[in-house]
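Colleague: Quick note: to get the working numbering, add 4 to the position in the sequence shown (first position is 1).
In short, the hints are calculated from the structure, not lab data. Incorrect hints may appear among the rest.
To be verified - Lysine to aspartate or glutamate pairs mimicking EDC-like chemistry, simulated, CA-CA at most 16 Å apart:
id, residue 1, residue 2
1, K329, D192
2, K253, E151
3, K253, D228
4, K253, D145
5, K329, D316
6, K8, E57
7, K329, E220
8, K223, E331
9, K277, D176
10, K47, E57
11, K47, D20
Unchecked claim - Simulated restraints, written as ranges between beta carbons of each label pair:
id, residue 1, residue 2, range
12, N31, D51, 19 to 25 Å
13, A43, P255, 40 to 46 Å
14, H210, R138, 35 to 41 Å
Glycine included, every Cβ here is placed at the ideal spot set by N, Cα and C.
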Amino acid sequence: MSLKLGVIGTGAIGQDHIRRCSQTLLNSQVVAVTDINLAQAAKVVADLKLTAEVYPDGHALIKAPDVEAILVTSWGPSHEEFVLAAIAAGKPVFCEKPLAVTAEGCRRIVDAEVAHGKRLVQVGFMRPYDEGYRALKAVIDSGQIGEPLMLHCAHRNPRVGENYKTDMAITDTLIHELDVLRWLLADDYVSVQVVFPRKTSKALAHLRDPQIVLLETAKGTRIDVEVFVNCQYGYDIQCEVVGETGIAKLPEPSQVQLRSDAKLSNAILMDWKDRFIAAYDVELQAFIDGVRAGRVGGPSAWDGYAAAVAADACIEAQQSGQIVKVELPQRPRFYG
Numbered sequence: 005m006s007l008k009l010g011v012i013g014t015g016a017i018g019q020d021h022i023r024r025c026s027q028t029l030l031n032s033q034v035v036a037v038t039d040i041n042l043a044q045a046a047k048v049v050a051d052l053k054l055t056a057e058v059y060p061d062g063h064a065l066i067k068a069p070d071v072e073a074i075l076v077t078s079w080g081p082s083h084e085e086f087v088l089a090a091i092a093a094g095k096p097v098f099c100e101k102p103l104a105v106t107a108e109g110c111r112r113i114v115d116a117e118v119a120h121g122k123r124l125v126q127v128g129f130m131r132p133y134d135e136g137y138r139a140l141k142a143v144i145d146s147g148q149i150g151e152p153l154m155l156h157c158a159h160r161n162p163r164v165g166e167n168y169k170t171d172m173a174i175t176d177t178l179i180h181e182l183d184v185l186r187w188l189l190a191d192d193y194v195s196v197q198v199v200f201p202r203k204t205s206k207a208l209a210h211l212r213d214p215q216i217v218l219l220e221t222a223k224g225t226r227i228d229v230e231v232f233v234n235c236q237y238g239y240d241i242q243c244e245v246v247g248e249t250g251i252a253k254l255p256e257p258s259q260v261q262l263r264s265d266a267k268l269s270n271a272i273l274m275d276w277k278d279r280f281i282a283a284y285d286v287e288l289q290a291f292i293d294g295v296r297a298g299r300v301g302g303p304s305a306w307d308g309y310a311a312a313v314a315a316d317a318c319i320e321a322q323q324s325g326q327i328v329k330v331e332l333p334q335r336p337r338f339y340g
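Sequences are here, hints too, so could you generate the full structure?
Modeller: Spelled out as structure tokens, the structure:
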């Protein structure tokens with residue numbers, strides 16, 4: 005039997021998830037949708053030729069008896085409200101990042117899930133489902149390069165719009181590294197510093213770009229992440245792990261190597277959707293399969309909270325220029 009899904013939010017990412025759950029993935033059926041713009045929600049249903057009901061709001065959708073699990077892809081500030089409602093209804097919920105817009109909001113979700121007594125929440129951090137990151141983690145976990153000593157990382161976008169602000173380099177961009185690097189190293193952050201190199205002339209006046217984020221983990225691993233969101237040349241994600249006896253590097257996306265016009269070249273992707281499209285498929289299929297098997301795995305509410313705590317420290321470091329402690333409480337036993 006297919007898992008019957010309700011989707012809250014029919015913007016770009018919501019439409020992508022509805023399409024993949026309806027047309028690409030196995031054992032899922034979208035039976036309910038809603039959006040703050042109900043006309044748009046109805047249009048998505050019609051365009052994709054779905055047999056799905058359009059509900060007046062997220063709470064009505066969550067309460068619908070035929071909805072077995074929920075995808076929250078609405079505006080970020082609404083996520084906490086709907087995830088808490090799903091937990092209260094005892095229904096599994098996949099929430100796109102952010103889990104909540106504050107660390108306190110994430111903690112409320114953690115507390116509610118622990119009180120419920122069973123994992124219901126998976127957070128939409130897709131990088132742990134990327135083939136390249138999984139291969140990199142396998143090398144680290146094997147011990148082939150010894151203990152990780154340093155990581156050199158980069159998150160580069162060709163350009164960003166006028167609404168992109170300096171703090172969004174943390175909350176919208178670096179947040180993916182804050183999650184996936186914890187997962188890669190099985191370690192937590194203890195301090196952070198943000199430094200600003202010479203500003204690129206390609207950035208708008210209000211934006212400080214690029215930035216370098218320096219992280220220290222509990223085990224002493226040092227991490228530098230270059231965040232450069234107006235690099236112009238492409239969407240480029242890099243991660244190099246320097247170990248005691250060797251170096252492991254995130255593989256480049258598979259591209260045809262071209263010999264032409266006296267040049268040897270590989271194309272560079274321009275869009276993050278192209279870089280991680282397969283990971284989105286894998287993560288949602290894992291959520292569907294897990295719920296059907298009676299369990300929820302993947303990035304947890306605690307992972308969402310840990311990323312939010314680290315992000316708050318990064319923003320404080322942006323503003324102060326100082327080294328800021330990352331004060332993460334002890335992880336509940338509930339999350340292993």
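Colleague: None of the hints should be skipped; say for each whether it holds.
Modeller: Structure-based check of all given hints:
| no. | hint | in the structure |
| --- | --- | --- |
| 1 | K329 x D192 | holds (12 Å) |
| 2 | K253 x E151 | holds (15 Å) |
| 3 | K253 x D228 | holds (14 Å) |
| 4 | K253 x D145 | holds (14 Å) |
| 5 | K329 x D316 | holds (10 Å) |
| 6 | K8 x E57 | holds (12 Å) |
| 7 | K329 x E220 | holds (9 Å) |
| 8 | K223 x E331 | holds (15 Å) |
| 9 | K277 x D176 | holds (15 Å) |
| 10 | K47 x E57 | holds (12 Å) |
| 11 | K47 x D20 | holds (14 Å) |
| 12 | N31 x D51: 19 to 25 Å | holds (23 Å) |
| 13 | A43 x P255: 40 to 46 Å | holds (43 Å) |
| 14 | H210 x R138: 35 to 41 Å | holds (38 Å) |
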